[in-house]
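A.B. asks: Sequence:
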Amino acid sequence: MKYFTNPYNFVPLEGRCHRSSHALGKDECLTGYFDCTIELLTPLFIPNTSCSQALCDLKEAEAGYSGYEFNSYENLSGTVRQDRRGQTPPKEPIISGSEIRGSVRSVFEAAFGGCMSTIAADATLGRRTPSVKKPGILRKKGNGGNEYEIIPCERAMLFVERPNISIGTFSSEKMGQLMPKNEYNTLKEGQEIWIKLADEGFKKGGRNIGAKVVRDYKIPLAGKERPKDYLVGYLHKGEPFGKKKHHESVFYIDGNRKGGKSKVKAVSEEEINMLQTVMEEYWNPKRRHDNSKSCYQEFDLHRNQILVYYCDDEGVPSYMSPACIGKEVYTKTLRDILEKNGGFQPCNKRDELCPACGIFGMVSGKEGCHDAVGSRVRFADAVLKTPFQKDVRSNYMDELVLPESGEPRPGAVEFYTIPPYKDEDAKTAGWTANGYWTYDYMCVIEKGKARRKDLEENLPKIRGRKFYWHSSNWQNYANDNKLDHLMKQRIRPLKKSNLETEERLFCFRVYFDRLNQTELEQLRWALDFADSSCAHKIGRGKPLGFGSVKIRIDNLKIQTLDKETGELKLVSGDYDKLGVHIDEAGNPIKTLKLMADYQNRPLDVGYPEVDNGQGKQSF
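FYI, in the numbering used here the residues of the sequence shown are 6 to 624.
Because the hints were derived from the structure by calculation, they are not lab data.
With beta-carbon atoms standing in for the labels, derived distance ranges:
hint : residue 1 : residue 2 : range
1    : Asp567    : Thr129    : 55 to 61 Å
2    : Ala455    : Ser82     : 53 to 59 Å
3    : Val585    : Asp396    : 39 to 45 Å
4    : Arg132    : Glu461    : 16 to 22 Å
5    : Glu67     : Ser538    : 43 to 49 Å
6    : Lys582    : Glu507    : 25 to 31 Å
7    : Asn484    : Asp396    : 18 to 24 Å
8    : Phe9      : Ser82     : 38 to 44 Å
9    : Lys487    : Asp204    : 49 to 55 Å
10   : His307    : Leu599    : 50 to 56 Å
11   : Asn484    : Pro613    : 18 to 24 Å
Straight line, CA to CA, 16 Å or less: simulated EDC-like cross-link-like pairs of lysine to aspartate or glutamate:
hint : residue 1 : residue 2
12   : Lys332    : Glu285
13   : Lys179    : Glu253
14   : Lys466    : Asp341
15   : Lys471    : Glu412
16   : Lys337    : Asp459
17   : Lys466    : Glu344
18   : Lys249    : Glu166
19   : Lys555    : Glu507
20   : Lys201    : Glu159
21   : Lys390    : Glu97
22   : Lys354    : Asp376
23   : Lys96     : Asp396
24   : Lys179    : Asp221
25   : Lys595    : Asp536
26   : Lys139    : Asp259
27   : Lys146    : Glu274
28   : Lys179    : Glu166
29   : Lys390    : Asp40
30   : Lys337    : Asp127
31   : Lys466    : Glu419
32   : Lys371    : Glu357
33   : Lys500    : Asp403
34   : Lys337    : Glu276
35   : Lys427    : Glu461
36   : Lys371    : Asp127
37   : Lys582    : Glu526
38   : Lys493    : Glu404
39   : Lys139    : Glu319
40   : Lys138    : Glu159
Think of the CB as a built atom: it goes at the ideal place given N, C-alpha and C, for glycine as much as any other residue.
Could you put the whole structure together from the sequences, leaning on the hints where they help?
C.D. replies: Shown next as structure tokens:
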């Protein structure tokens, strides 16, 4: 694929996030509500979460698959049916006020310099790295304390019997001595094994990959000495054997290697904690989408010595992992980076509120902070303007299955951050595009070799706030109704609105309390962009083109006080003039309106795909 438009892009962070105390004065006197209409520009799906299997038959429900009905006030719990196809969709669908509020708040934050309130600021950042690490033995130092060090090792390849090989078809000269499966299963992670190595390294595709195969091995027995021509090795059990894996790893210390012994590397307590976090990622069953058991079950951080792969570059942490090409976690958090780049981390103090939190409210998510501020706006649920007639089903699309969709992955720094390379670095990086980087380091070429180099505290910079493009790609998913994966969901979306007949138009109300004039104008702008060509995205399937909706303001009522009678009255306000003078010259608003422009939406939106000969795969 030479060119594609990713389903999402970023509205940049500009300047600083300005905060002030939560104080209401005489200017905060505007109370009332907006009456609004929602037009569905594309099919929309909001799930009724009272039952996650309402669109599953009994067999699919027993398999653990998901199927959500459209949202309504009906409690669907316990409604899995023998024949789901006879099920009538909701006669009175509802668009939850929380769905609308979330979208409007995101626009408000992006346009008017609010904090990034929904970001998981303190979550551990990590990813699977393509960089090959070195084998080593992690052990405690001999001083009886909690200090650790890594002893550099070499890795040998131990050929293990497995179901998908035929013993008579392999070359022992190339593959090494075969260890029977039964014997392999009796051995433990890290167990000592004596090995004799082949003279040459293992060749793959005619290329020597460096590691040597185990030509012969012996299992140490009590009372027996190690033969002089055998090395002491330690068995490292990696991920389960599959179609491609054919060897297991044995770590050994080679005192005769060229260049002398590698330097023992000291390990900090923080690096031990990072390794623990990495292992929790490997052990987390939710991370294994193929429903298989988590790997590295025998990996035990309480042993005297642990076999690990690590980074031996000076000046950077070890980034230990049980895999040679495996997961890493990083020392920086998004909060650290946002604090150093304009202070856009989520608000956590009532006397330091961004413009958005001052109106929409805030509950501190930072450890040790317990401040909270109530919202001054309330979004009611959206209901149908014109009730459905007798043929309820005609307002809905046929049931369809959404493809697998994962959670946001900020670890994919290529998409979520700006390359940290300066012009002079990019010229000498020696990498495709600008190079390879993470939240902690970037790779550079020095003296012909790649090494990791620590990033400055404020790097890398976050690209901005994530928004989805409008598109018509929902049509590509309208025919798939097969549930064959736990990550898929069956849904029944509402069709687009029909303006001529006023079918599937929704109405709702936004109440506001004690806003000042500027806040009221900004709220209006966040509702409809003061531009009829712009639209919001709500509900499920946003990356696939679902959920494009246009909000129109129908009426504005503002509470006034009759000075003679003391009576509070609601009078109509001129909403057309609200927000029209807001400065739209800044990059955040310009980018936001470009992405919100439904009339001029891009035509080639989609995740990048490659064809591996067995079908297309997205990455």
